[in-house]
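So the sequences go chain by chain: A and B.
Residue numbering for the first sequence follows the working numbering, starting at 3 and increasing by one per position.
Residue numbering for the second sequence follows the working numbering, starting at 8 and increasing by one per position.
A portion of the hints provided could be inaccurate.
[Said to hold, decoys possible] Quick list of simulated restraints, FRET-style, between CB atoms:
id: 1; chain 1: B; residue 1: 17; chain 2: A; residue 2: 13; range: 51 to 59 Å
id: 2; chain 1: B; residue 1: 140; chain 2: A; residue 2: 111; range: 27 to 35 Å
id: 3; chain 1: A; residue 1: 187; chain 2: B; residue 2: 90; range: 37 to 45 Å
id: 4; chain 1: B; residue 1: 16; chain 2: A; residue 2: 209; range: 44 to 52 Å
id: 5; chain 1: B; residue 1: 90; chain 2: A; residue 2: 219; range: 44 to 52 Å
id: 6; chain 1: A; residue 1: 117; chain 2: B; residue 2: 23; range: 27 to 35 Å
id: 7; chain 1: B; residue 1: 21; chain 2: A; residue 2: 46; range: 33 to 41 Å
id: 8; chain 1: B; residue 1: 55; chain 2: A; residue 2: 111; range: 26 to 34 Å
id: 9; chain 1: A; residue 1: 214; chain 2: B; residue 2: 31; range: 51 to 59 Å
id: 10; chain 1: B; residue 1: 109; chain 2: A; residue 2: 80; range: 51 to 59 Å
id: 11; chain 1: B; residue 1: 140; chain 2: A; residue 2: 212; range: 32 to 40 Å
id: 12; chain 1: A; residue 1: 219; chain 2: B; residue 2: 30; range: 43 to 51 Å
[Said to hold, decoys possible] Okay, derived cross-link-like pairs now, DMTMM-like style, lysine to aspartate or glutamate, Cα gap no bigger than 20 Å in a straight line:
id: 13; chain 1: B; residue 1: 55; chain 2: A; residue 2: 191
id: 14; chain 1: B; residue 1: 108; chain 2: B; residue 2: 157
id: 15; chain 1: B; residue 1: 101; chain 2: A; residue 2: 38
Everything labelled a hint here was simulated from the structure, so no lab data went into it.
The structure presented is a predicted model; accordingly, all values stated were derived computationally and were not measured.
Just so it is clear, CB atoms sit at the ideal spot from N, CA and C, and this is done for glycine as well.
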Amino acid sequence: MTEWQPVILSIKVASMSLVLVSISGIVLAYWLRRKDFSAKPLVEALFIMPLVLPPVVTGFLLLLLIGKQGPVGRLLTDIFHTQIIFTPYAAVLAGAVVAFPLMYQSAKAAFQGVDTTLEDAARTLGASEWRVFWTVTIPLAWPGLVAGLVLSFSRALGEFGATIMVAGNIPGKTQTLPLAIYFAAESNDLTMAGFYVLIISVITFSAIYGLNTWARSHNGAWPDKGLF
Amino acid sequence: MLQVNIKKELPGFTLDVQFSVENNIAVLFGPSGCGKTTTLRCIAGLIKPDAGEIINNGKILFSSELQTFIPANQRRVSYMFQEYALFPHLNVKKNIWYGVKSHNQIAEKLYKQLLELLQIEHLTERFTNKLSGGEKQRVALARALMAEPEILLLDEPLSALDEETRCQLQIELKRMQKLWNIPFILVTHDRNEAKALGDKVIYLA
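Throw the hints in and build the complete structure from the sequences for me.
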């Protein structure tokens, strides 16, 4: 029998990761855009670490942080009387952490591509910083931001190493698609594994293909070639 | 009357300018890199001078002594950038309306008047990448005036245009200034343009 539960859970987890990543990635990239301080290269190097570290290492570090004895774990116990370790929320966190560098880098490049003269023009026309951000910066950075969102979602959807470290493999509770594929393959259920492989491939391919088609069809100042 | 008296440390030299402008066209003239654009940016509030003051009709826009700095969006100083800086994601109509605070009948009337004066009625639905240099210049001028500025700054407004369009737009700029009766401060490195347009020419060395 086909089990849809991992599919639904994965989409939920990746979507929640995407919300966390999009807000933090866009806000940080925008905020750091014109800041110049001596520790900036260090800060940005730390932001990129989850991209280059083996996911299992990222997972291990997260485990230290949110485990029952970890600083965040203790804080959660003391204040909220709860734990997120080995829950779907830990999977959300793992997905967000590994996807964050992709969102940050995409947003950074997208904001760097926005002509600051246009923002200045908006200011001299009476626009507040808030209005400049929403009516000039975001629309002009939009193609790059969307590319970042798609990459981040796909990355969070496929996360394995960090997820298994902090969320475990609890069927029906924390078993996401990549975990389901691994354990189905391991127990020699190749039909089930193949089915999940097909689903995850279709989702990520559709996202990238859809984005490319959208970017191509968009007229005006936006790129007329694909983004990837 | 606009009074400008500012100092600003720039790479290699210190910009130090004093001048005042009545309701006419003042031209800031000088070689490249002498701080003309920096002066405009200071008046617009896009950068902060190190010292001095900028006062428009008694309203202090900047004063190092009083530690006053009115941000660009509250100065009512419109700025026409060298490459016009039209928003590429908006059509001509939305570009022109960008600086309007309240969409009322007065604004609607001003909009119609500007379209007619600048002969750009037929362009309103176009995106800015489908405009010629002269058309962009006109749209940028309409957008700047639509915000009902108290001062209009123009950075090399004619330098990107061919000879014929340039002569035509020189006449147009003079006419618009007479109609609006606010100070136009224009930057150029072209001596003939400075002479042709300026009621007053300020040399920056």
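| Hints that the structure is at odds with (numbers, increasing) | 3, 5, 13, 15
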